[in-house]
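Below, each chain spelled out in residue letters.
6 protein chains.
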Amino acid sequence: MSLALTVLFFGLFHSYVTLASDPDPVNDFCVLNRSSATTSLPCKNSSLVTVEDFVFSGIKFRGKFSETGLASIPSNVNVFPGLNTLGMSMVRADFDVGGVNVPHSHPRATEIAVVLEGKIYSGFVDTQNRIFAKVIEKGEVMVFPRGLVHFQMNVGDTWATILGSFDSQNPGLQKIPSAVFGSNIKEELLEKAFGLTPKEIAKLRKRFAPHRL
Amino acid sequence: MSLALTVLFFGLFHSYVTLASDPDPVNDFCVLNRSSATTSLPCKNSSLVTVEDFVFSGIKFRGKFSETGLASIPSNVNVFPGLNTLGMSMVRADFDVGGVNVPHSHPRATEIAVVLEGKIYSGFVDTQNRIFAKVIEKGEVMVFPRGLVHFQMNVGDTWATILGSFDSQNPGLQKIPSAVFGSNIKEELLEKAFGLTPKEIAKLRKRFAPHRL
Amino acid sequence: MSLALTVLFFGLFHSYVTLASDPDPVNDFCVLNRSSATTSLPCKNSSLVTVEDFVFSGIKFRGKFSETGLASIPSNVNVFPGLNTLGMSMVRADFDVGGVNVPHSHPRATEIAVVLEGKIYSGFVDTQNRIFAKVIEKGEVMVFPRGLVHFQMNVGDTWATILGSFDSQNPGLQKIPSAVFGSNIKEELLEKAFGLTPKEIAKLRKRFAPHRL
Amino acid sequence: MSLALTVLFFGLFHSYVTLASDPDPVNDFCVLNRSSATTSLPCKNSSLVTVEDFVFSGIKFRGKFSETGLASIPSNVNVFPGLNTLGMSMVRADFDVGGVNVPHSHPRATEIAVVLEGKIYSGFVDTQNRIFAKVIEKGEVMVFPRGLVHFQMNVGDTWATILGSFDSQNPGLQKIPSAVFGSNIKEELLEKAFGLTPKEIAKLRKRFAPHRL
Amino acid sequence: MSLALTVLFFGLFHSYVTLASDPDPVNDFCVLNRSSATTSLPCKNSSLVTVEDFVFSGIKFRGKFSETGLASIPSNVNVFPGLNTLGMSMVRADFDVGGVNVPHSHPRATEIAVVLEGKIYSGFVDTQNRIFAKVIEKGEVMVFPRGLVHFQMNVGDTWATILGSFDSQNPGLQKIPSAVFGSNIKEELLEKAFGLTPKEIAKLRKRFAPHRL
Amino acid sequence: MSLALTVLFFGLFHSYVTLASDPDPVNDFCVLNRSSATTSLPCKNSSLVTVEDFVFSGIKFRGKFSETGLASIPSNVNVFPGLNTLGMSMVRADFDVGGVNVPHSHPRATEIAVVLEGKIYSGFVDTQNRIFAKVIEKGEVMVFPRGLVHFQMNVGDTWATILGSFDSQNPGLQKIPSAVFGSNIKEELLEKAFGLTPKEIAKLRKRFAPHRL
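Chains as they are written, first to last, in full-length UniProt numbering: chain A, 1 to 213; chain B, 1 to 213; chain C, 1 to 213; chain D, 1 to 213; chain E, 1 to 213; chain F, 1 to 213.
Okay, chain A solo, but in the shape it has when bound:
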């Protein structure tokens, strides 16, 4: 009975939380309202929206290389508020010579990427563990199906640059090495899963411990 009441209560009270809508946008645009935490209006008042809301300059220049020689700059709704509800986003990835984009997946999007500079060994693995990989060059396009593990490596002798697009405003990025070894999963589970010794697991965990991210 009290459960029934609880259901009813939340049904009425919180119904707006699970607002549904078309699978398509229901307005021309809904620019992310950066002050919405205080105003509660998710969309910027459309009369205040300008062309600047639909232009992003954050990927004009390459970022700083990581330990694996990758400089990746996301251009998703969190930094480009105009993308909100429009269902797309981008990423710029620069590679040092020999730079690696570690095996990763995007849980919410397909990616279509084009090489702007250099020679990139690029591929993905399907759910049958089959690999689809090759070296692609400037101007070539490759598609990575939604949610599948994929990776890249600069195999040329100059810096390389890739531009990726996604069919989600916030595709998400899950890097396999840090997700698996940097997230404190029960050690015994990892040993059995990878057939590694406690010492080997410890080494991997040390490398990917959060403070190293």
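Certain hints may be false.
Stated by the list, open to error - If you only want the chain F side, here are some residues facing chain E, beta carbon under 8 angstroms, derived:
#1 K60
#2 S168
#3 Q169
#4 N170
#5 G172
As the list claims (entries may be wrong) - Sample of chain F residues with no beta-carbon within 10 angstroms of chain A, all distances over it, derived:
#6 L48
#7 V51
#8 E52
#9 S57
#10 K64
#11 V97
#12 E137
#13 K138
#14 G139
#15 G156
#16 D157
What the hints contain is simulated information worked out from the structure, not anything from laboratory work. Here a beta-carbon is modelled for each residue, glycine too, at the ideal position from N, C-alpha and C.
Take the given structure of chain A and dock chains B, C, D, E and F to it, following the hints.
Structure of chains B, C, D, E and F alone, referenced to chain A:
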């Protein structure tokens, strides 16, 4: 003219109400913020989210049997806030000997159900009025297509239990007998629709009057 | 009658043509290929498509009244091939004086209906068994949320006509009386569900037995 | 680094802004809360919802004819709050003798339209620039695929009326003449695009300048 | 083991049967089967799929400039079969000095575009006829909401290149000038819609007559 | 020019391959036609469909334990044809004492799982590398958001069983260890990605080489 203005006004003013988005989640999760009525933040601050938000213990034990010998416990977003935006929910249904889950439909989801205990006569009716029903037993799975009327009855000589899953965080449940006879639809309409006498309709309405729910 | 047969025919024969895919169409159109059973090409060759494929004249005139005084003519993809993949369809419903559109639901669509002639008592029941019903007149529009039980009755003293639209090319129609009592659901289950005697159930089943459809 | 922090910050802080959900509604209904600007509750408290929220009388009578002889009255979520999250809307269009509905598109919906009165020359253009047009009469239905340019003209000698339905609660309307010539697009671009002289462009711009809307 | 084989068997053999259905892909991929007209299998046998199916080289080099100084090369499912069911595609657009991409819309997709070279005046018009346009430069990104009219012009003194991505495997392209004036819409309708004389309409029609496409 | 022709050609010829439709099913059901390779009809003729098509008995008994002590039996559309177009599927997973379900993801679905027997350490990792894990017991439910890496381990002293449901008819399963080390990704890339020596990589590859799957 004033209509045009009205349209414009609401277009600007209320645009955020009809926020659209991908047909997929656009974040890893968005745990229902139970205090959102006051804070206006639908999602619980993700830094406060814990594993408890993604675990639900409400269907560990069977509920109390109804008049028809059914004890049904929904596990949807209204009681399991972590399901919000994830597109799924569950229900546990226990049946007394001879217990019945009356003909009903879920307006927003397909259901896939597995028998955990007992022998259940289970089926659905398609839009051509064809019935697809049989007795299923422990470990057997049956699927009920979205929106179609379906039903179950415990035909074994012990209690029975079914676990159902839905492809919506809030599938909705419309029980045919109470929806039709417990909702105060014009009596004359019901008489013509079912070919029943005023006396017969009155009896049905009495049985399913709200206070009996 | 022949229309009904046509619907049935195409319903069975061409059902595979309407397999789903993106939430949006991926072509301007894909006119249902009536000869596809032999050619295996779901879409009519677009070079053979003409404006006639996008125009439907089947609801120009009212149909024949049923026992309950309703003449309903669907205009879905099974009779209007041009709707294929476009996500919409229509229905024309004419009512004799006192005519009734029995409680029913559309498992795959919301309906928005407008009264073209007459006075119609029209409503739906939500999942809390609350009724939302009133008499609407010429030019008034009412919306029936996806999957919920709804109904109409001509309460005026002249014929009445309603035009309904759906957000699916094939919304489906499940009439409650015939789905429940005309589909051969286990008698004992119906007795418990509706609290009726075997005699009362027998009477209802006789009335809605398939040969009566 | 600071970018990473920014991403993280907005990721947490604004995550609720991009709330996702099923491609279907997740409640029976969510009536637009007209006072939500102040209360921040998008849905009207469901205990206060009445049948009036699901009935719209705004298209009972024709509107005032525009310069081109069209009187169009939208019935979308901005004026009919009950449509919110239900994925459909309507429009009534009346035509004076010779009245024209200029070439336009609905960026977010397919339209299915029926002629209530008169003779309408009606059509659309596909992405291969093929036209599909003909004169349709009372009771005939025509479908206009999502996003494609379409148009109508009353070619009869009496007023005409069309009723259109959409598979979006807010399909949007983009009139080609005013969008192209009334929006202040760089003059030189328009000259090259249409092969018109500065004088001709100026004339068109004057005609469609905002103050004329 | 035999189950595994069964899964594999049906996975390969019947994969095309489950082509699409959820709003998401229902297989890792379904490469367009170019011989399917004869075999009726929409997906290429997955055992024959190679990495080449997911790589496209067709936009490595710029195409031939059109009369307006644009060289546009689509990279959609019609030329890149591996995109089938993956929900994305691309386009490369090169601009001669002063080159123009005429006002156009994509009926089925949002576009997100990045400038690879040059200075581009770029913008779109919303459904209130408001323009959002500015000059963007190398490395800058602009988003064009689904279905809205947009345009570009090379305002620099060198060739320019833009790369656009879409959230549909086949977004469609409707060029306003040719769709409106090259599709044989009733002359009288165009005169009223644009306020032009028969002579002016005739000039525009001559320019955009199909043989000129 | 030839490209344009190619586009046109495939546009017409292959348009049926990318048949789109509602994000929802467009028929009550479309049972997978196991003989469709020859008949080209994806759906079994609905007049031949029986209740057996909607019931699956394949997960009544546990399977054979793998090296990691897991016996997993999928119940997706490839083995349960009645699920086709209905958007759901299931999996039964039995665990030996200490048995492990290695870190994996489902690229196309959220999973909601319930413990039927035993004590299971269960969790997932979000895109910020935060872990959400705990030991859950009989009757407890846990949800794993779409596309995120998750895992389980039987930490009790008896066999354990979990039942998982998915919001896709074919969610896909990507096991991290075999996807990364059993798919022949360039050795040098793996060394950099995981910070392992060639010897360590070789050991892992040996363990997960396809013949070991």
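Here's how the hints hold up against the structure:
1. K60: violated, 13 angstroms
2. S168: Status holds, d = 5 angstroms.
3. Q169: Check passed: Cβ of F/Q169 comes within 6 angstroms of chain E, closer than 8 angstroms.
4. N170: holds, 5 angstroms
5. G172: Where the cut-off is 8 angstroms and the nearest Cβ of chain E is about 6 angstroms from F/G172, the hint holds.
6. L48: Per Cβ check, F/L48 is outside 10 angstroms of chain A; nearest 31 angstroms; holds.
7. V51: Answer for F/V51: holds, closest chain A Cβ roughly 31 angstroms.
8. E52: holds, 28 angstroms
9. S57: F/S57 clear of chain A: closest Cβ-Cβ about 25 angstroms, beyond 10 angstroms.
10. K64: holds, 17 angstroms
11. V97: holds, 12 angstroms
12. E137: holds, 17 angstroms
13. K138: Given that every Cβ of chain A is farther than 10 angstroms from that of F/K138, nearest at about 20 angstroms, it holds.
14. G139: holds, 15 angstroms
15. G156: Correct as stated: the minimum Cβ-Cβ distance to chain A is 14 angstroms, above 10 angstroms.
16. D157: At roughly 15 angstroms from the nearest Cβ of chain A, F/D157 sits farther out than 10 angstroms, so the non-interface label holds.
Comparing the model with each numbered hint stated earlier shows that hint 1 is the single one that does not hold.
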